[in-house]
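**Q** Just so we're aligned: the sequence shown equals residues 1 to 388 in my numbering.
Some clues are possibly wrong.
Said to hold, decoys possible - BS3-like, lysine-lysine: derived pairs with alpha carbons at most 27 angstroms apart:
hint: 1; residue 1: Lys341; residue 2: Lys305
hint: 2; residue 1: Lys121; residue 2: Lys108
hint: 3; residue 1: Lys125; residue 2: Lys233
hint: 4; residue 1: Lys121; residue 2: Lys305
hint: 5; residue 1: Lys108; residue 2: Lys125
hint: 6; residue 1: Lys98; residue 2: Lys108
hint: 7; residue 1: Lys121; residue 2: Lys98
hint: 8; residue 1: Lys305; residue 2: Lys338
Derived by calculation from the structure, the hints in this document are not laboratory data.
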Amino acid sequence: MLSRCYGKTLLLTMLIISGLWGGVKATSPNYQFVFSEKIYFSPSSASIEPDFNGNHFRIENIRRFLSETDSLHRFQIEVIGSASPEGNQSYNQTLARKRASALSDYFKIQYCKEPKTVVSKTLLKSAWPDDRYAELRVSYSPPENSTHNNGINRTIISDNHEQTETPLPRDSIIYSSHSHEPARVSDESSSKITHDHAIAYRQQPIRLTIGSNILYDAALIPNIGIGICLNEKYTIWADWMYAWWSNRDRRRYWRVYGGDIEVRMQLGHGLADNPFSGHRIGLYASIVTYDIQTGRSHTGIIGDKFNYAAGISYGYTLPLTRRLNLDFSIGIGYLWGKYMKQHLVDTHDVWISTHNRRWIGPTKAEIGLSWLIGTDNTNIKEKEGGGE
């Protein structure tokens with residue numbers, strides 16, 4: 001028990017000294033942040049879309065937090081609006097202010113000052129979606145003498161998910177944007193801000209895409225692939241193909257199965273903000289085996305176990321609809337393995353020879369269709385003109 005109290009005291013001391021919560025600096029040395037959450041917006045929009053970019057989870061997080069505000073004893077509420085840098089400065093400032101007002105109106109938030117506005121100066125276009133937001137920040141003022149506080153405590157959530165008790169006084173103040181006089185809170189009950197309030201909805205939803213290579217489909221080789229977005233720049237893609245057609249009497253075999261895995265890095269998002277779209281490069285590795293023969297009079301080839309390939313790839317994903325993409329990709333690398341030749345003699349397939357396969361050149365090609373999965377995983381087109 002003693003060590004636990006000591007740990008909490010040490011954590012609170014570090015929190016107060018640093019003036020940080022959730023990686024955000026306090027605007028005043030007298031205030032410490034206890035909550036921060038962002039709502040993201042489409043380009044050139046100031047309308048809150050619950051299904052956009054995980055906003056549903058963030059909205060629920062803010063609602064759950066605000067449901068506890070009647071028992072917070074001293075706090076300050078700030079609303080910040082932000083815009084990305086394209087367009088003129090005046091338009092961007094107005095758009096940022098509208099986004100802050102939209103967040104305030106949506107939750108009926110009362111704050112003590114006019115909303116702050118921020119216009120990003122980043123030059124990296126792929127980072128602009130992260131600059132289109134409105135943020136709610138809640139902070140509290142620590143008492144000058146924390147040893148005389150009538151025994152009222154409040155839980156502060158830190159980055160390492162520990163809960164630290166720190167005293168707050170009674171009769172706290174809620175600031176209002178519509179009045180010069182603060183409204184006082186009469187509720188003296190103490191309610192904890194739980195761990196869930198602080199971090200549950202900060203996690204980004206997983207973005208997935210599934211697809212099929214039309215080139216394999218045209219060769220009568222069913223296949224499926226799945227991509228997982230790690231962040232705005234990197235994705236992992238894996239696919240598998242399987243065809244086991246045969247007409248033994250006529251010696252027509254078309255047996256192929258295998259797959260590959262690829263790590264992709266986006267060079268830009270092209271015509272959409274979605275991290276799966278645009279130009280990319282990648283590193284891939286693949287395995288495949290086969291048994292192919294096209295008639296009784298033809299020599300067949302059989303992969304001796306698996307053949308392997310590895311190399312680098314270039315690709316481009318073009319958005320077709322809100323969720324449907326057209327994918328192009330080509331890979332150049334090294335392929336190695338063994339294969340055998342066989343020929344039909346009477347009623348038996350007879351082995352002729354075994355060969356080593358060594359090849360440097362194109363080892364991967366794709367023209368495919370892919371479908372985005374997830375409520376916030378869509379192709380949002382950039383708008384021409386104006387700010388974002």
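**Q** Does each hint fit the structure? Answer for all of them.
**A** To see whether the hints hold, each was checked on the structure:
1. Lys341 - Lys305: Satisfied, since the Cα-Cα distance of roughly 14 angstroms is no more than 27 angstroms.
2. Lys121 - Lys108: Measuring from Cα to Cα gives roughly 30 angstroms; hence the hint is violated.
3. Lys125 - Lys233: holds, 12 angstroms
4. Lys121 - Lys305: violated, 55 angstroms
5. Lys108 - Lys125: Measuring from Cα to Cα gives roughly 33 angstroms; hence the hint is violated.
6. Lys98 - Lys108: holds, 15 angstroms
7. Lys121 - Lys98: holds, 19 angstroms
8. Lys305 - Lys338: It holds: about 8 angstroms lies between the C-alpha atoms, which stays within 27 angstroms.
Consistency with the previously given hints fails for numbers 2, 4, 5, ordered from lowest to highest.
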